[in-house]
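So the protein sequences, as listed, match chains A and B.
Under the numbering used here, read the first sequence as residues 433 to 599, first letter to last.
Under the numbering used here, read the second sequence as residues 2 to 793, first letter to last.
Source of the hints: derived by calculation from the structure; they are not laboratory data.
Fair warning: this is a prediction, and the values are worked out from it, not measured in the lab.
Any given hint could turn out to be false.
Think about it this way: if two alpha-carbon atoms lie no more than 20 Å apart in a straight line, the pair counts; the simulated DMTMM-like pairs of lysine to aspartate or glutamate are [what the hints assert, rightly or not]: (1) K38(B) to E509(A); (2) K657(B) to E555(A); (3) K6(B) to E595(A); (4) K436(B) to E724(B).
In case you want the letters, here they are:
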Amino acid sequence: MEKEITVTINGTAHTVKVEPRLLLVHLIRENLNMTGTHIGCDTSNCGACTVLMDGKAVKSCTILAVQANGKSITTVEGLATAEGLHPIQEGFKENHALHCGFCTPGMMLRAVELLKHNPNPTEEEIRWGISGNLCRCTGYNNIVKAIQYAGAKMRGDKLPSTEPQFV
Amino acid sequence: MIQCKTSKEIGGMGHSLKRKEDARFIQGKGHYVDDIKLDGMLYMDIVRSPYAYAKIKKINIEKALKVPGVAAVVTGRDLEKYKLHWMPTLMGDTQMVLPTDTVMYQSQEVAAVIATSRYAAADGVDAVEVEYEVMKPVTDPFKALEKDAPVLRTDKPGKKDNHIWHWEVGDKAKTDALFKKAEVVVKENIYLPRIHVASIETCGCVADYDKVNNHLTMYMTTQAPHAIRTVIALVAGHVGLTEEKIRVISPDIGGGFGGKVPVYPGYVIAIAVSFLVGKPVKWIEDRSENLQADSFARDYHITAELAGSKSGKIQGVRFKVVADHGYADSQAAPTKFPAGLFSIGTGSYDYDTAFMEADAVYTNKPPGGVAYRCSFRVTEAVHAIERITDKFAMEVKMDPAQLRMNNFIKKEQFPWKSPTGWTYDSGDYHAALKKAMDAVGYDALRKEQAEKRKKGELMGIGISSFTEIVGAGPSKDFDILGIKMFDSAEIRVHPTGKAIARFGTKSQGQGHETTYAQIIAEELGIPAENIAVEEGDTDTAPYGLGTYASRSTPTAGAAAAVAARKLRDKARKIAAYLLEVSEADLEWEPGKFFVKGAPQKSKTIQEIVFAAYTNHPQGMEAGFEATHYYDPPNLTFPFGSYICVVDIDKETYEIKVRRFVAIDDCGNIINPMIVQGQVHGGLTQGIAPAMYEEFIYDEDGNILNGTFMDYLVPTAVESPHWETGHTVTPSPHHPIGAKGVGESPTVGAPPAIANAIVDALTPLGITHLDIPITPYKIWKALKEKGVVKPVA
Ligand code: FES
Ligand code: FES
Numbered sequence: 433m434e435k436e437i438t439v440t441i442n443g444t445a446h447t448v449k450v451e452p453r454l455l456l457v458h459l460i461r462e463n464l465n466m467t468g469t470h471i472g473c474d475t476s477n478c479g480a481c482t483v484l485m486d487g488k489a490v491k492s493c494t495i496l497a498v499q500a501n502g503k504s505i506t507t508v509e510g511l512a513t514a515e516g517l518h519p520i521q522e523g524f525k526e527n528h529a530l531h532c533g534f535c536t537p538g539m540m541l542r543a544v545e546l547l548k549h550n551p552n553p554t555e556e557e558i559r560w561g562i563s564g565n566l567c568r569c570t571g572y573n574n575i576v577k578a579i580q581y582a583g584a585k586m587r588g589d590k591l592p593s594t595e596p597q598f599v
Numbered sequence: 002m003i004q005c006k007t008s009k010e011i012g013g014m015g016h017s018l019k020r021k022e023d024a025r026f027i028q029g030k031g032h033y034v035d036d037i038k039l040d041g042m043l044y045m046d047i048v049r050s051p052y053a054y055a056k057i058k059k060i061n062i063e064k065a066l067k068v069p070g071v072a073a074v075v076t077g078r079d080l081e082k083y084k085l086h087w088m089p090t091l092m093g094d095t096q097m098v099l100p101t102d103t104v105m106y107q108s109q110e111v112a113a114v115i116a117t118s119r120y121a122a123a124d125g126v127d128a129v130e131v132e133y134e135v136m137k138p139v140t141d142p143f144k145a146l147e148k149d150a151p152v153l154r155t156d157k158p159g160k161k162d163n164h165i166w167h168w169e170v171g172d173k174a175k176t177d178a179l180f181k182k183a184e185v186v187v188k189e190n191i192y193l194p195r196i197h198v199a200s201i202e203t204c205g206c207v208a209d210y211d212k213v214n215n216h217l218t219m220y221m222t223t224q225a226p227h228a229i230r231t232v233i234a235l236v237a238g239h240v241g242l243t244e245e246k247i248r249v250i251s252p253d254i255g256g257g258f259g260g261k262v263p264v265y266p267g268y269v270i271a272i273a274v275s276f277l278v279g280k281p282v283k284w285i286e287d288r289s290e291n292l293q294a295d296s297f298a299r300d301y302h303i304t305a306e307l308a309g310s311k312s313g314k315i316q317g318v319r320f321k322v323v324a325d326h327g328y329a330d331s332q333a334a335p336t337k338f339p340a341g342l343f344s345i346g347t348g349s350y351d352y353d354t355a356f357m358e359a360d361a362v363y364t365n366k367p368p369g370g371v372a373y374r375c376s377f378r379v380t381e382a383v384h385a386i387e388r389i390t391d392k393f394a395m396e397v398k399m400d401p402a403q404l405r406m407n408n409f410i411k412k413e414q415f416p417w418k419s420p421t422g423w424t425y426d427s428g429d430y431h432a433a434l435k436k437a438m439d440a441v442g443y444d445a446l447r448k449e450q451a452e453k454r455k456k457g458e459l460m461g462i463g464i465s466s467f468t469e470i471v472g473a474g475p476s477k478d479f480d481i482l483g484i485k486m487f488d489s490a491e492i493r494v495h496p497t498g499k500a501i502a503r504f505g506t507k508s509q510g511q512g513h514e515t516t517y518a519q520i521i522a523e524e525l526g527i528p529a530e531n532i533a534v535e536e537g538d539t540d541t542a543p544y545g546l547g548t549y550a551s552r553s554t555p556t557a558g559a560a561a562a563v564a565a566r567k568l569r570d571k572a573r574k575i576a577a578y579l580l581e582v583s584e585a586d587l588e589w590e591p592g593k594f595f596v597k598g599a600p601q602k603s604k605t606i607q608e609i610v611f612a613a614y615t616n617h618p619q620g621m622e623a624g625f626e627a628t629h630y631y632d633p634p635n636l637t638f639p640f641g642s643y644i645c646v647v648d649i650d651k652e653t654y655e656i657k658v659r660r661f662v663a664i665d666d667c668g669n670i671i672n673p674m675i676v677q678g679q680v681h682g683g684l685t686q687g688i689a690p691a692m693y694e695e696f697i698y699d700e701d702g703n704i705l706n707g708t709f710m711d712y713l714v715p716t717a718v719e720s721p722h723w724e725t726g727h728t729v730t731p732s733p734h735h736p737i738g739a740k741g742v743g744e745s746p747t748v749g750a751p752p753a754i755a756n757a758i759v760d761a762l763t764p765l766g767i768t769h770l771d772i773p774i775t776p777y778k779i780w781k782a783l784k785e786k787g788v789v790k791p792v793a
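Use the sequences and the hints to build the structure in full.
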């Protein structure tokens, strides 16, 4: 019953035989041993498993591996380049937008897609934009800041201050 | 502005150092338990009960065993052969690992399927057939206490009721007398719902038993690895797993919040199976299993009363609690404190009479309840006192801010003896509330509210001025299963002046790798970036009780400072030797000793450490290492004042949090960025039960919202833009004057929100609503009052 599929992940093509019911997230984590993509629920609500499929943010627990046949996937492991961190990674680190880090990969990938369509989003747009991703630790304030920071960096604008407003 | 004693390069206390741990998390290189893959590893999945109370007539495993990939199915009868079918809880109660006869709550573990893959294990679970004889469960704790209620824990010989324990504190006679004669008495029944920590990573483990060496390595999501090692040794010592043969490793944890303190049956089954088959066994919960079976919190029914004068002076408090623990008391509170630190319910106010009591009850619901981001029942206590204080203000017709200001314990009254026996270490409650009022623009908001009320618009302002109690705890009173609640730090400085420090605690996102390094940097002047911090491996870290109850900074943080000071004393001796002066002639500034009056004659800490390995004084022990086990002399008492502003739609009752200002005082601050981050996160876990989260059970004990689809964890849209600030009142007894902060916001936020919503609805005759307060709940309450008519 296994099916042969070819999925490109972070630029590398993988041809594998999989059960038709295998979830994309398990293909990535279990079969291909890239564990940066996480699983936080069984109802497609948390977004910890978010990856980019042909540039679109998808919940990889809600996609079958066979549906990704012929597609190109970006996971957290594919964000940084030889030149260094992706602006979204820098934004998260500089703005303390993560505590436990479990939601972070999915949150960053969703943010990358958001910034692609809306390079200079308002706080409200960011909050709605990431509302498919749950974070239990940070309270979201700093995730908003991190995405604004990454947006500024990608636009080549002056970077906003990363000092905490905690007086 | 926070004053720093060290340079930015050293990065001691007060610097907003970016986190050292983040590099791996942002690049997908975190190492969580589900990322572990060992050779020959088997996967375990669990068959759970669809019923809340039922006899098991038969478990048919034949079909499951035929599923490709399934290696074994384990039932209670299998574990019984090794006396592993029961386990103790951290509260000294008992709990089934797997049942032999009866299931006691919905989603209880019934059998475990072991297979070569995750999918095969799940297929096996589907194929296990269990025949049940369903019984009528008891889900209401008050009904469970009635005389003719069926006794649930028939496993306990002689048990004749569902009562677990009674606890009380304070002066009953004096308090009752006060309530008889007081001018004003207010009373409210306040329910804190059953909720869940819902960390985004669920619980799980990889149990790896090595038959040849008779050695178990247990990778698991635990906040307290050492305590777990001891518990495993206590439970499994009789089959040969003694403590030196057990290594517990707690890898990166995706959020804990108290839910990863208890021992769940899944862990024990995984160990048992690994022990029997000699292969590694992985068990990772699904989210729904996690919500339905593990780590519930709260479920406290409180009757709160406050007595005082017509002029608004609070004189005494009386609380009575019924605590629903479900099937077993499997909370993880200190042994002597079955109701946790609920006795902090006297709050931030100056009076000398209090009486509190609690009764714990068994019901057919999952066992618990964990201290969810809370120093053992403090959230419950603070909610009760802050809600009833508002009701009292309403009764005496005084502004709730003014009433609080009039009743606060004054700065000069600290250390303050509370009527329930605590000694509050330090506080300046007036300053915190004043700062919050100024930040939010309190007077202008009250004016705006008055205008809006004339137009029938619903706007509310709510305050919470909480006092927390954290840092468990002094060994004279605090232990878990007899182990005293100290914590530890071990610092090793290498010859080149770089260090590694290990701790008995375990970060789950709090940023210990950064903050502990900052404490050591502060004391020794070694740059924080040159100090590696490690936790979570019982083979290498010194023994400690772990991270929960905001105890890491108060205990292990203190241990780090004291251990570092031992090293500084040694450094002084070496510097005196190197500079050929007496120790008394030396002065310290972060990073070096210099000769008094001749600052050009100095030795840096790096030079001194190098000498400790290459040129130390004769007679002195070589090396540069220190360990300290810190036994706190008292708990710490962080506090704060929060103000919430809400607007409620007068047709739909949709609640909008317009502003939320939080002023926290956690004593001296190690890293403002991290403290603020903790406050943001805690506030969001405060708005969650205040407005969204609650488990609902029907009469048959079915959980009606046990998934992330219907258990509503706030997203970025529900979370307000938090406004935060701080005051600093150092703890006088803590080596670095810090108090701990992780839990304050979770504790302090719910009453501020509830008070704001009730304040908005006061013109409509509402004086109290239980959390979570939803538009539907408001509509229902108003309908009962006849204020709104049912929609046709
Ligand atoms: S794992 Fe939660 S949405 Fe995919
Ligand atoms: S950082 Fe822990 S869930 Fe977001």
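Hint check results:
1. Distance hint between K38(B) and E509(A) is fulfilled; the C-alpha atoms sit about 18 Å from each other, no more than 20 Å.
2. Our distance criterion of 20 Å between C-alpha atoms is met by K657(B) and E555(A), whose separation comes to about 16 Å.
3. Straight-line distance between C-alpha atoms of K6(B) and E595(A) comes to about 19 Å, which keeps the hinted pair within the 20 Å bound.
4. At most 20 Å may separate the alpha-carbon atoms for a hinted pair to count; K436(B) and E724(B) meet this at roughly 12 Å.
Hint check: no violations occur; every hint is consistent with the structure.
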